[in-house]
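> Here is what each chain is made of, one letter per residue.
2 protein chains.
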Amino acid sequence: MEHPRPRRASVSIRTVAEAAGVSTATVSRVLSQADHPVTPETRERVLEAATRLKYRPSHVARSLVTSRTRTVGAIVHDVADPYFGEILRGLEDTCHVGGYQLVACSSDRDPGRELGYVEHLLSQRVDSIVLVGGGIEDDAYQDKLAALLDDYREHGGVVVLLAPNAYDAPSILSDNRAGSSAMTEYLIELGHRRIGFVGGPPNVRTSAVREDGYRHVMQHAGLFDPMLIESGRFTMEGGAKATADLLEHHPDISAIFAVNDIMALGALKYLASVGVKVPDQVSVAGFDDIQIAEFVGPGLTTVAVGTFALGQEGGRLVLRLLAGQSGRTTTLPAELVIRGSTASPAANDPMAGG
Amino acid sequence: MEHPRPRRASVSIRTVAEAAGVSTATVSRVLSQADHPVTPETRERVLEAATRLKYRPSHVARSLVTSRTRTVGAIVHDVADPYFGEILRGLEDTCHVGGYQLVACSSDRDPGRELGYVEHLLSQRVDSIVLVGGGIEDDAYQDKLAALLDDYREHGGVVVLLAPNAYDAPSILSDNRAGSSAMTEYLIELGHRRIGFVGGPPNVRTSAVREDGYRHVMQHAGLFDPMLIESGRFTMEGGAKATADLLEHHPDISAIFAVNDIMALGALKYLASVGVKVPDQVSVAGFDDIQIAEFVGPGLTTVAVGTFALGQEGGRLVLRLLAGQSGRTTTLPAELVIRGSTASPAANDPMAGG
Numbered sequence: 001m002e003h004p005r006p007r008r009a010s011v012s013i014r015t016v017a018e019a020a021g022v023s024t025a026t027v028s029r030v031l032s033q034a035d036h037p038v039t040p041e042t043r044e045r046v047l048e049a050a051t052r053l054k055y056r057p058s059h060v061a062r063s064l065v066t067s068r069t070r071t072v073g074a075i076v077h078d079v080a081d082p083y084f085g086e087i088l089r090g091l092e093d094t095c096h097v098g099g100y101q102l103v104a105c106s107s108d109r110d111p112g113r114e115l116g117y118v119e120h121l122l123s124q125r126v127d128s129i130v131l132v133g134g135g136i137e138d139d140a141y142q143d144k145l146a147a148l149l150d151d152y153r154e155h156g157g158v159v160v161l162l163a164p165n166a167y168d169a170p171s172i173l174s175d176n177r178a179g180s181s182a183m184t185e186y187l188i189e190l191g192h193r194r195i196g197f198v199g200g201p202p203n204v205r206t207s208a209v210r211e212d213g214y215r216h217v218m219q220h221a222g223l224f225d226p227m228l229i230e231s232g233r234f235t236m237e238g239g240a241k242a243t244a245d246l247l248e249h250h251p252d253i254s255a256i257f258a259v260n261d262i263m264a265l266g267a268l269k270y271l272a273s274v275g276v277k278v279p280d281q282v283s284v285a286g287f288d289d290i291q292i293a294e295f296v297g298p299g300l301t302t303v304a305v306g307t308f309a310l311g312q313e314g315g316r317l318v319l320r321l322l323a324g325q326s327g328r329t330t331t332l333p334a335e336l337v338i339r340g341s342t343a344s345p346a347a348n349d350p351m352a353g354g
Numbered sequence: 001m002e003h004p005r006p007r008r009a010s011v012s013i014r015t016v017a018e019a020a021g022v023s024t025a026t027v028s029r030v031l032s033q034a035d036h037p038v039t040p041e042t043r044e045r046v047l048e049a050a051t052r053l054k055y056r057p058s059h060v061a062r063s064l065v066t067s068r069t070r071t072v073g074a075i076v077h078d079v080a081d082p083y084f085g086e087i088l089r090g091l092e093d094t095c096h097v098g099g100y101q102l103v104a105c106s107s108d109r110d111p112g113r114e115l116g117y118v119e120h121l122l123s124q125r126v127d128s129i130v131l132v133g134g135g136i137e138d139d140a141y142q143d144k145l146a147a148l149l150d151d152y153r154e155h156g157g158v159v160v161l162l163a164p165n166a167y168d169a170p171s172i173l174s175d176n177r178a179g180s181s182a183m184t185e186y187l188i189e190l191g192h193r194r195i196g197f198v199g200g201p202p203n204v205r206t207s208a209v210r211e212d213g214y215r216h217v218m219q220h221a222g223l224f225d226p227m228l229i230e231s232g233r234f235t236m237e238g239g240a241k242a243t244a245d246l247l248e249h250h251p252d253i254s255a256i257f258a259v260n261d262i263m264a265l266g267a268l269k270y271l272a273s274v275g276v277k278v279p280d281q282v283s284v285a286g287f288d289d290i291q292i293a294e295f296v297g298p299g300l301t302t303v304a305v306g307t308f309a310l311g312q313e314g315g316r317l318v319l320r321l322l323a324g325q326s327g328r329t330t331t332l333p334a335e336l337v338i339r340g341s342t343a344s345p346a347a348n349d350p351m352a353g354g
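Keeping their order, the protein sequence lines are chains A and B.
Under this note's numbering, the first residue of the first sequence carries the number 1, and numbering increases by one thereafter.
Under this note's numbering, the first residue of the second sequence carries the number 1, and numbering increases by one thereafter.
FYI, nobody ran anything at the bench for these hints, they're computed from the structure.
Don't take each hint at face value.
Copies of the same chain look alike in the list, so a pair counts if it fits in one copy or across any two.
To be verified - Pairs of lysine to aspartate or glutamate residues, derived as DMTMM-like cross-links and limited to a Cα-Cα distance of at most 25 Å, are as follows:
id, residue 1, residue 2
1, Lys144, Asp93
2, Lys144, Asp110
3, Lys241, Asp93
4, Lys241, Glu294
5, Lys277, Asp245
6, Lys144, Asp252
7, Lys277, Glu185
8, Lys277, Glu294
9, Lys144, Asp108
10, Lys269, Glu211
11, Lys277, Glu189
12, Lys269, Glu119
13, Lys269, Glu294
14, Lys241, Asp280
Make the full structure from the sequences, and use the hints.
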């Protein structure tokens, strides 16, 4: 069936779907000759509507129509952080079983680098894009990203998110806020009053959500002090630096809550370097429960998000959506894992309080 | 300049290079209009020879000639192992500075999956392929890999290796054998006689080279016993299982040398689970010095290969070769890092010996 040449194509896949009385997924399926067949009537109806409306797939869509690349592209923020490596591994295993290859890019949380990789993956005609890192708060970036992904999805591309993002798409999320709240409550129950918070880059949404949980609980307990919040940029060096700054200016801090594990490792490294004992003098808690957290001396107390499972669930969502099935956003529980790096403050009541 | 249409093209870039009296790199540079210009005479000479010989670039080469994708593709064995994540990060940073994007694939050391990713990257017209994991000993795999990469390189593609491989290409290598020998010698000097060796998959060349170093030193000391060698498949679970098996059958073992750090973590996990104290009852040593090794309680003794530096050096080699410059194989030193997980055996002389 030949599509007539459009003057100025502006017919979206949604318009075709509405005209044919089917879902956009069904339109994609018909046009892409996907594995899951539709009934001959539906097929006819879609093709009739597409022809009548002079629907013509764009550059990206044409490739999706003619042949799938059977490739999923993932973008992480830092491939050296085991959090992302473990998610990618779960994602790759699941995609592989589903007959898809996974290619991964690492953006260093740089909006330009991230957009460059999105454009690259689109130009490589991946069947699905998975944004593994949290959204970056930058208007120009978000506008550009939305334009790229809207167009991609309109033409049958599948977008899945594995972290909170300003862009709206089916997601597998960790319960970042609940995990952060639970850890803060646990530290308060242990008797800590001055709890230093080491966040990620202020412009990354995952960090903001985790900070929200801490802030809310601290405020509720009458313990909130904005001076106890530092950014550790989600890196080991950043975690060490933030911990040093916090303790220098607030020597009454008895616990450090770093909202990813590698920043918590940075905190441990700094504390060891200045001879501060963990947890006797200062407790340290992390977030993510990367595979190695249990091996850290003295065992890192952290929030388990289930990194491999997050990747696997993400892969299943991608495969469902690629098969034209529905898929909705799911939030996985984030659970406290108590190990040796946290304890009640040793000394008399710290000087500060609610 | 128009290339005449060939009947059955079989003229290689090497033939053109010989006819023009220049290197194949120069031919690639002229045909790809690379950044580093050659003299007008050389350019003329190459184009004359290419035309006269009816040289015509293949599918892959055509794309390299018409436009670079400015993409480097890397294949690792296990993206969840920080060893590979850290190398990828070093590689990405260097490629990014050089104006290239990096896409990465993870093969789980499966020959079919690895070849699938090589084919995928070639089909995506990457300018360079970097094999980060060691070669897989499998004849059919090696033949297919060589055929793919020979053709790719003949048409201007750049192949770089970051681990030993049967395929011959410019490489940045760690001194795996020297590192393994040094660790074995160190354990013997501490007084260990029965040293269990936990290797990677027997078909991965990196593992074989590391085993060679151990074997050689143990034989030289009259301590070699092939029963003390187990495969831990380079995974944490495999390392735990291999350690359990070794100690069950050889309770006189006083030290475990696992040739990557995550297997050493598996060994520590198993030993903790059965109440064996490290290093008092059994010493544990790893290999790689991944970022977290220093945080492990009681600090993991290991062999530092400089993961980030390995990736950065690999990136520099890729950029040099893409610029048409020469690049040769370099071996980076592998250095012992002594931490708390190793010590002299506590008890009287172990029962076995040379």
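> None of the hints should be skipped; say for each whether it holds.
Comparing the hints with the structure gives:
1. With identical chains, the CA atoms of Lys144 and Asp93 are at most 25 Å apart between copies only, with a shortest distance of 23 Å across copies and 31 Å within one.
2. In this homomeric assembly, Lys144 and Asp110 come within 25 Å of each other (Cα to Cα) only inside a single copy, at 14 Å, whereas the closest approach across copies is 38 Å.
3. Taking CA atoms no more than 25 Å apart as the test, Lys241 paired with Asp93 passes between copies only; the shortest distance there is 22 Å, against 36 Å inside one copy.
4. Taking the shortest Cα distances, Lys241 and Glu294 sit within 25 Å of each other both inside one copy (23 Å) and across copies (18 Å).
5. When the C-alpha separation of Lys277 and Asp245 is checked against a cutoff of 25 Å, the pair qualifies only within one copy, where the shortest distance is 17 Å, while the shortest distance between copies is 36 Å.
6. When the C-alpha separation of Lys144 and Asp252 is checked against a cutoff of 25 Å, the pair qualifies neither within a copy, at 45 Å, nor between copies, at 64 Å.
7. Taking CA atoms no more than 25 Å apart as the test, Lys277 paired with Glu185 passes inside one copy only; the shortest distance there is 22 Å, against 34 Å between copies.
8. When the C-alpha separation of Lys277 and Glu294 is checked against a cutoff of 25 Å, the pair qualifies both within a copy, at 18 Å, and between copies, at 16 Å.
9. Taking CA atoms no more than 25 Å apart as the test, Lys144 paired with Asp108 passes inside one copy only; the shortest distance there is 18 Å, against 35 Å between copies.
10. In this homomeric assembly, Lys269 and Glu211 come within 25 Å of each other (Cα to Cα) only inside a single copy, at 23 Å, whereas the closest approach across copies is 32 Å.
11. In this homomeric assembly, Lys277 and Glu189 come within 25 Å of each other (Cα to Cα) only inside a single copy, at 21 Å, whereas the closest approach across copies is 32 Å.
12. Within a single copy, Lys269 and Glu119 get their C-alpha atoms no closer than 38 Å, and across copies no closer than 43 Å, so neither meets the 25 Å cut-off.
13. In this homomeric assembly, Lys269 and Glu294 come within 25 Å of each other (Cα to Cα) both inside a single copy, at 16 Å, and across copies, at 9 Å.
14. Proximity of Lys241 and Asp280 under a CA criterion of 25 Å is satisfied intra-copy only: 21 Å inside one chain copy versus 34 Å between copies.
The structure fails to meet hints 6 and 12 from the earlier list, while all remaining hints are met.
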